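**Q** Residues per chain are reported as follows:
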Amino acid sequence: MTRNNSSPQSLFDKLWEQHVAVPETADAPAVLYIDLHLVHEVTSPQAFSVLDEQGLKVRRPDRTIATLDHSTPTLPANENGDLPYATPDAKAQVETLIANCEKHGIQLLNLGDPRRGIVHVIGPELGLTQPGKTIVCGDSHTSTHGAFGALAFGIGTTEVGHVLATQSVLQRKPKSMRVIFDGALQEGVSAKDMALAMIAEIGADGGQGYAIEFAGEAVKALSMEGRMTLCNMSIEAGARFGMVAPDELTFEWVKDREFAPKGDSWHEALMRWRTLPTEDGAAFDKQVRINAGAIRPMITYGVSPDAAAPVTAHAPKPRTSAEQHAVDYMQFEPDQPFTKAEVNRVFIGSCTNSRLSDLRDAAAIMRGRRVKEGVVTLVVPGSEAVKRAAEAEGLHDVFRAAGAEWREPGCSMCIAMNGDAGAPGELVVSTSNRNFIGRQGKGVRTVLASPATAAASAIEGRIADPRPYVNEMKESA
Amino acid sequence: MSFEPFNALTSRTVVLRQENIDTDQIIPARFLTTTSKEGLGESVFFDWRYEDDGKPRNSSIFNGYNPDTHKILVAGSNFGCGSSREHAPWALYGFGFRAVISSDIADIFKSNALKNGLLAIEVDPKTHASLLNNPGAEIEIDLERQVVALSVWEKAHFDIEPFARQCLMNGVDQLGHLQNKLAEIEAYEAACA
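As you go down the protein sequences, you meet chains F and W in turn. If you're matching positions, the first sequence starts at 1 in the numbering used here and goes up one per residue. If you're matching positions, the second sequence starts at 1 in the numbering used here and goes up one per residue.
Keep in mind that the hints were calculated from the coordinates and are not lab data. On a predicted model such as this, the values are computed, not experimentally measured, just so you know. A couple of the hints might just be wrong.
Not the full set, but computed from the structure, chain W residues with beta-carbon under 7 Å of chain F [stated by the list, open to error]: (1) Val-14; (2) Thr-33; (3) Lys-37; (4) Ser-83; (5) Glu-86; (6) Asp-107; (7) Asp-124; (8) Thr-127; (9) Asp-142; (10) Phe-158; (11) Asp-159; (12) Gln-174; (13) Gly-176; (14) Leu-178; (15) Asn-180; (16) Lys-181.
Using C-beta positions, here's what the derived DEER-type ranges look like [said to hold, decoys possible]: (17) W:Ala-129 <-> F:Ser-265: 26 to 36 Å; (18) F:Asp-82 <-> W:Glu-140: 52 to 62 Å; (19) W:Gly-171 <-> F:Glu-373: 34 to 44 Å; (20) W:Lys-55 <-> F:Glu-475: 33 to 43 Å; (21) F:Gln-324 <-> W:Thr-69: 26 to 36 Å; (22) F:Gly-394 <-> W:Glu-42: 25 to 35 Å; (23) F:Gly-112 <-> W:Gly-171: 18 to 28 Å; (24) F:Lys-286 <-> W:Ala-190: 33 to 43 Å; (25) W:Asn-66 <-> F:Asp-82: 26 to 36 Å; (26) F:Gly-112 <-> W:Ser-36: 26 to 36 Å; (27) F:Lys-173 <-> W:Ala-129: 27 to 37 Å; (28) F:Gly-293 <-> W:Ala-193: 38 to 48 Å; (29) F:His-267 <-> W:Ser-36: 30 to 40 Å; (30) W:Trp-153 <-> F:Gln-324: 31 to 41 Å.
A few chain F positions that, by computed beta-carbon distances, are all more than 12 Å from chain W [claimed, not checked]: (31) Leu-75; (32) Glu-95; (33) Met-271; (34) Lys-317; (35) Met-473; (36) Ala-477.
Ideal placement from N, C-alpha and C gives every residue a C-beta, glycine not left out.
I would like the entire structure built from these sequences, with the hints used as guidance.
**A** Now the structure itself:
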């Protein structure tokens, strides 16, 4: 696709322009071509049914890849090899995806496949996620893949059917927003804290209708894992798209992975990818600046991700009925220090924070310590590969010695569809992305936090600041 | 699931004043293990409608509500945020709702709703406030003219993506449109290969 104007373009403008198969008109949205379609068991069965009803085939099985993550148990199979599914329906859903993939010739990273895992963890891991691609999945956290300079967004099941049948979706171009993080993060502050600080700043609907590009010194300094965490949470600010311009760190991550281009194709791809970053002077519809150096470890105290504050803060006085409702549900008293709140359960996992670096952050704090008596602590790696890598470093031994449970990979307590859930009234510190009412089980109170904050909270049995632990490690190093 | 064409609708409103009603509230995740679209109406707002022991919750706004006369849901801002589950509009439609109105509707929910016969529209703050303050009011939505009428003297225009509007008015899914573009899609693939 050639450019027909010479004004400076943003990464988003380029990604969009390069994938329009049919331009939008007043009467109809653009037909946007999809390079990679990721499929999982929860949002696909009804899409395959529509295909079957209309006698349609999957048009590009070679651009489609499926895995199992939401409904899969995180406890191992019994001696007969049977997995402990939460319900017969959960098992049937898994079997439906297996059957649909067989029928339509789609590659499935099935149970037992060493490459299986949470769809947004394995895409990057396998090198499927690449700069410049359009990537969709029937899951709102598809924005994660934008960390690689891809145009990645969550779609509904009807659209899953559209992509299966035509390899395209109908979309109008959203507005663009740039969120610039100036300065450097302090010790003990992570990408998760940046995400929560940003959502608190712009609101749970602040990104509504926008594609967000994250930029600035602190974003540039993030690891690929950190960029994925940041882009993952874009949807919690209402934006379907989050992205970071690809750079040498991005290319280094993708290189040599299973589905990455090889040989001459690799060099051609690199040349193409290097043209993607936003040009100086490119226009954005909105711009937000955040001082990264001022961000503290963050937690959420309400039932929407924008109710976030530094872990060292006190619970606010509710100003609106919605805030009152949230605080009542969460059982925080006005002016109560968050660090006084007792924790019943800790969950370290999810597509936001289940990568190797996240587990290392948590293990560094748990090493040589014990989880507070009575605090159920689940550590759930994001993929089979993360699990293997963590075990190779002995992280599983660290978690187990601390009294935490080391589970099989999956979405687990992020969405609590697989039987992993808290009990009514429990306060759960979770590295997942949503503190919605009932999300982690009926009546469960969810506090979102980084892996370091979650680990420190498990140790203390209260919401805890991870910085003293991080500083202690630094001093003893 | 096929849906009825949507043209004009006169009905009473059910009002949920809360902001940020997420799709986990509209249909909790434990109901997502289905492989069909049918029967989801029974699960809509389940934890708002029922006590833990399964008895109807006395305080629920859905109690005594008649889906034949109350087909319009009015909600606080950022309605439908969170998960992309299309089960949310399927469940609302299955329960009897034909329209959702807010000042601000989450992107994926809106897209999913409009593809399933559920009109999801955003109105100006003044109209929104009027609707929130008059629960149960009979209002009229005219999709052709893009007007919501709270009364003969109080009317407001709403914007809607024109293609989604056409599909909704004709009761058709958008897949046919995409299939008609297959030659262009193939040409695009050939140019990029």
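**Q** Under the criterion of a CB-CB separation shorter than 7 Å, is Asp-142 (chain W) in contact with chain F as hinted?
**A** This interface hint is violated because 20 Å lies over the 7 Å limit.
**Q** The hint names Thr-127 (chain W) as touching chain F; please verify it with the least Cβ-Cβ distance against 7 Å.
**A** With a minimum Cβ separation of about 18 Å from chain F (threshold 7 Å), the hint on Thr-127 (chain W) is violated.
**Q** Is it true that the C-beta distance of Lys-173 (chain F) to Ala-129 (chain W) lies inside 27 to 37 Å, as the hint says?
**A** 31 Å Cβ-Cβ, so the 27 to 37 Å window holds.
**Q** Taking the closest Cβ pair, is Asn-180 (chain W) under 7 Å from chain F?
**A** With a closest approach of 10 Å, the Asn-180 (chain W) hint is violated.
**Q** Mind checking the hinted window 26 to 36 Å against the Cβ distance between Ala-129 (chain W) and Ser-265 (chain F)?
**A** 57 Å, violated
**Q** Hint says 33 to 43 Å; check whether the CB-CB distance for Lys-286 (chain F) and Ala-190 (chain W) agrees.
**A** This hint holds: roughly 37 Å between Cβ atoms.
**Q** Quick check: does the Cβ-Cβ distance between Gly-394 (chain F) and Glu-42 (chain W) fall within 25 to 35 Å?
**A** This hint is violated: roughly 49 Å between Cβ atoms.
**Q** Do the beta carbons of Gly-293 (chain F) and Ala-193 (chain W) sit within 38 to 48 Å of each other?
**A** Once the Cβ atoms are compared, 47 Å apart, the range 38 to 48 Å for Ala-193 (chain W) and Gly-293 (chain F) holds.
**Q** Falls inside 34 to 44 Å, the C-beta gap from Gly-171 (chain W) to Glu-373 (chain F)?
**A** With a Cβ separation near 60 Å, Gly-171 (chain W) and Glu-373 (chain F) fall outside 34 to 44 Å, so the hint is violated.
**Q** Take the C-beta atom of Gly-112 (chain F) and the C-beta atom of Gly-171 (chain W), compute their distance, and say whether it sits inside 18 to 28 Å.
**A** 44 Å, violated
**Q** Far enough from chain W: is every CB of that chain over 12 Å from the CB of Leu-75 (chain F)?
**A** Given a closest Cβ separation of 17 Å, the condition holds.
**Q** Using 7 Å as the Cβ threshold, decide whether Leu-178 (chain W) counts as touching chain F.
**A** Nearest chain F Cβ about 5 Å off; hint holds.
Of the numbered hints listed earlier, those contradicted by the structure are 1, 7, 8, 9, 10, 11, 13, 15, 17, 19, 20, 22, 23, 25, 29, 32.
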